[in-house]
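Student: One letter stands for each residue in the lines below.
Number of protein chains: 2
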Amino acid sequence: MELSDRKKKILQAIIDDYIASAEPVGSSHILKNHDLGVSSATIRNEMASLEEAGYLEKPHTSAGRVPSYLGYRVYVDQLMNEYRLSIAEINQITHALGKKYIELRRAIDSISDIMSALTDYTAIYTTPSSSLVTISNIKLIAVEARSFVVVAVCHDGSVRNRTIRTAKAYEAEVLEKLSNYLSYRFAGCDVSEFTPEVLSAEKELIPVDGALIDSVFDFLSDIANEAETVDVVLNGTTNIFKHPEFNDIGRTKEFLNFLKKDNSKMIKSLLSATGDTTSVIIGNENPVLKDKDISLVVSNYSLGGSMKGKLAIIGPTRMDYAKVISTLDYLTACINDVMGNDKGDDQT
Amino acid sequence: MELSDRKKKILQAIIDDYIASAEPVGSSHILKNHDLGVSSATIRNEMASLEEAGYLEKPHTSAGRVPSYLGYRVYVDQLMNEYRLSIAEINQITHALGKKYIELRRAIDSISDIMSALTDYTAIYTTPSSSLVTISNIKLIAVEARSFVVVAVCHDGSVRNRTIRTAKAYEAEVLEKLSNYLSYRFAGCDVSEFTPEVLSAEKELIPVDGALIDSVFDFLSDIANEAETVDVVLNGTTNIFKHPEFNDIGRTKEFLNFLKKDNSKMIKSLLSATGDTTSVIIGNENPVLKDKDISLVVSNYSLGGSMKGKLAIIGPTRMDYAKVISTLDYLTACINDVMGNDKGDDQT
DNA sequence: TTTAGCACTCCAAAGGTTCGAGTGCTAAAG
DNA sequence: CTTTAGCACTCGAACCTTTGGAGTGCTAAA
Chain A
1 MELSDRKKKI LQAIIDDYIA SAEPVGSSHI LKNHDLGVSS ATIRNEMASL EEAGYLEKPH
61 TSAGRVPSYL GYRVYVDQLM NEYRLSIAEI NQITHALGKK YIELRRAIDS ISDIMSALTD
121 YTAIYTTPSS SLVTISNIKL IAVEARSFVV VAVCHDGSVR NRTIRTAKAY EAEVLEKLSN
181 YLSYRFAGCD VSEFTPEVLS AEKELIPVDG ALIDSVFDFL SDIANEAETV DVVLNGTTNI
241 FKHPEFNDIG RTKEFLNFLK KDNSKMIKSL LSATGDTTSV IIGNENPVLK DKDISLVVSN
301 YSLGGSMKGK LAIIGPTRMD YAKVISTLDY LTACINDVMG NDKGDDQT
Chain B
349 MELSDRKKKI LQAIIDDYIA SAEPVGSSHI LKNHDLGVSS ATIRNEMASL EEAGYLEKPH
409 TSAGRVPSYL GYRVYVDQLM NEYRLSIAEI NQITHALGKK YIELRRAIDS ISDIMSALTD
469 YTAIYTTPSS SLVTISNIKL IAVEARSFVV VAVCHDGSVR NRTIRTAKAY EAEVLEKLSN
529 YLSYRFAGCD VSEFTPEVLS AEKELIPVDG ALIDSVFDFL SDIANEAETV DVVLNGTTNI
589 FKHPEFNDIG RTKEFLNFLK KDNSKMIKSL LSATGDTTSV IIGNENPVLK DKDISLVVSN
649 YSLGGSMKGK LAIIGPTRMD YAKVISTLDY LTACINDVMG NDKGDDQT
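Top line first, the protein sequences correspond to chains A and B. Sequential numbering of the first sequence, starting at 1, is according to the working numbering. Sequential numbering of the second sequence, starting at 349, is according to the working numbering.
Watch out, some of these pointers could steer you wrong.
What the hints assert, rightly or not - Listed next, the in silico BS3-like pairs over lysine-lysine satisfying Cα-Cα at most 25 Å (straight line):
hint, chain 1, residue 1, chain 2, residue 2
1, B, Lys601, A, Lys261
2, B, Lys638, B, Lys616
3, B, Lys447, A, Lys242
4, B, Lys638, A, Lys260
5, B, Lys355, A, Lys261
6, A, Lys242, B, Lys609
7, A, Lys242, B, Lys638
8, B, Lys447, A, Lys260
9, A, Lys292, B, Lys608
10, A, Lys308, A, Lys265
11, B, Lys638, A, Lys265
12, A, Lys261, B, Lys616
13, B, Lys640, A, Lys242
14, B, Lys616, B, Lys601
15, B, Lys447, A, Lys268
16, B, Lys601, A, Lys292
17, B, Lys640, A, Lys253
Simulated from the structure, these hints should not be mistaken for lab results. Just so we're clear, the structure is a prediction, and the values are computed from it rather than from any experiment.
Please model the entire structure based on the sequences and the hints provided.
Tutor: Encoded structure:
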């Protein structure tokens, strides 16, 4: 059903007001705060019609109207005004992106932190991961007589390492020879190729002490398994208390339980189901959120080219979508600019 | 003031019951559930006396008694019965400690996770850190034509690394020579010695392209700064909802706000103020917790010898101290056994 | 010193009342 | 046909009152 211009205006007015106030919006409120040039009775008629069409709901007979999920959807897709970030907000972002980080993970963590601070909602991100991680170099570096570090350097610039203690001491020369052989043998291999079969076949070919090989191959097989591990991390959880819906303990419990660690698999799949552009998931639109009154705005970030992940904001359905979407878009654009080239690592 | 045996028994009974039920305990309750051989009137008299001595409090005239902070202190130090872990609990711990971890951080994280699951409270830990980190080896490993990884291996087996991309390409030989020199020069140095002064003096001495040196020294100076960074991590935050005190939204807000990121400095100092043995901080005993009705049980863990940190449980003052202390003690003993020697791995 | 008995206290829960914001409907006006 | 003023009606939020019971402290007797 196509909405008349007036209906659109009224719907937008109601949702704007409801997002701002968290109170059901009545016809006389709209009359007072918006210049529609019609009486409250007319607005009431339109509201009744919008309700029938499924865009609005009534908590009870004598309350105002509240947007339905469908209402929010129309609002997000067609009605809302664009939010422009203030100078102060832009400065805050610029400043935070200027910092140096030992690890990329720290960078994205601190970005999600800003995100939650700017929006007053909770930020979620998935830890960056590469779809393809190929080995560039493997080195065994002696630490002490009976311990060494094995370092696997990948083409995307990421590094994995483990300290290994051994029963007997190995000559530096042995370690170096093994380093050279492994680097030669596995250069260009994707880590996913480190299957038990490949490794045990390989082991036969190397004329070095079995225990040494085993410990190194254990490590390789572990990084193969870990390659797929993506964590979900939260920031600004307590921001929820800034919103009146979370003065209700039941609501708060439900929200926090949804976010808890045990549930990260579900959240991961929720995030990864979104496409390449910023997308909005409103309340019941995803069965996982059924009756939870939770919405998400999800976008994609990428660090140093090949490391990618999702950065999202989660909050009540009554969310300031305009602000969240703009901020998220701006921020991820910045990340991709700043981190994409001069920082971190990349293959050219 | 020394308490009579009977007073001790009554105090213990009250606190035991209160911990179990979360309801103020009345004299007739004690009469019913404990075999003290005296009437409720006598118990009432004793309770009045315990209250006067500061071990008990009354929420209001016609309610039962509730332990004061002082009461809990006496209970923890003298009165409570030891809690014995069940076979199931021990199995759970053993099983979790048997897993393999690419990183030590993962290990302690998963341990704190178990801890929170076993106790139904929130677990806190500080990330492991070494008081002294001395360099064993520094290696520059080429990734591609114009990028390399610099890896700093330390004597405690920890490794730090960074990928560096350069304007021009360097020969593998140059990188190797520089590796050798840096390893030779800095072997045995504590990372804290990487001050701007030392590094810039050193730079003069090395006959290699300045940009190359700069990028490597930047890294070294960053790890010097990061050496002191200890994070505070939480697990099982939502466990609080299992306890009736957190049916109150105000209480819940206060608790979660206390735990939030911005406050980690305070928590860190709270944890680090404890000694080498497991210690209990009850409510107001620490000014930081003033009127927050929060208690902590804090213990020390160590991974692979030199990496140490704090592992703690935080919850309402009405906490099952006996269970928490036993579980924490058992768990940290296990960590120190299992992780102390044969495992040792780390990653940036 | 202990205990039965009793008056007293005070909260929690349940029920009742009031108030007002908001609605839908009707009938008249545009 | 659309808009609007007018009005009766609805229903929850906020406030008060009542009631019941758990628990106390005190007193006087054992």
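Student: Decide, hint by hint, whether the structure agrees.
Tutor: These are the hints, each one checked on the structure:
no. : hint                  : result
1   : Lys601/B <-> Lys261/A : holds, 20 Å
2   : Lys638/B <-> Lys616/B : holds, 17 Å
3   : Lys447/B <-> Lys242/A : violated, 40 Å
4   : Lys638/B <-> Lys260/A : violated, 28 Å
5   : Lys355/B <-> Lys261/A : violated, 44 Å
6   : Lys242/A <-> Lys609/B : holds, 16 Å
7   : Lys242/A <-> Lys638/B : holds, 23 Å
8   : Lys447/B <-> Lys260/A : holds, 22 Å
9   : Lys292/A <-> Lys608/B : holds, 24 Å
10  : Lys308/A <-> Lys265/A : holds, 18 Å
11  : Lys638/B <-> Lys265/A : violated, 38 Å
12  : Lys261/A <-> Lys616/B : holds, 23 Å
13  : Lys640/B <-> Lys242/A : holds, 20 Å
14  : Lys616/B <-> Lys601/B : holds, 20 Å
15  : Lys447/B <-> Lys268/A : holds, 23 Å
16  : Lys601/B <-> Lys292/A : holds, 20 Å
17  : Lys640/B <-> Lys253/A : holds, 20 Å
Of the numbered hints listed earlier, those contradicted by the structure are 3, 4, 5 and 11.
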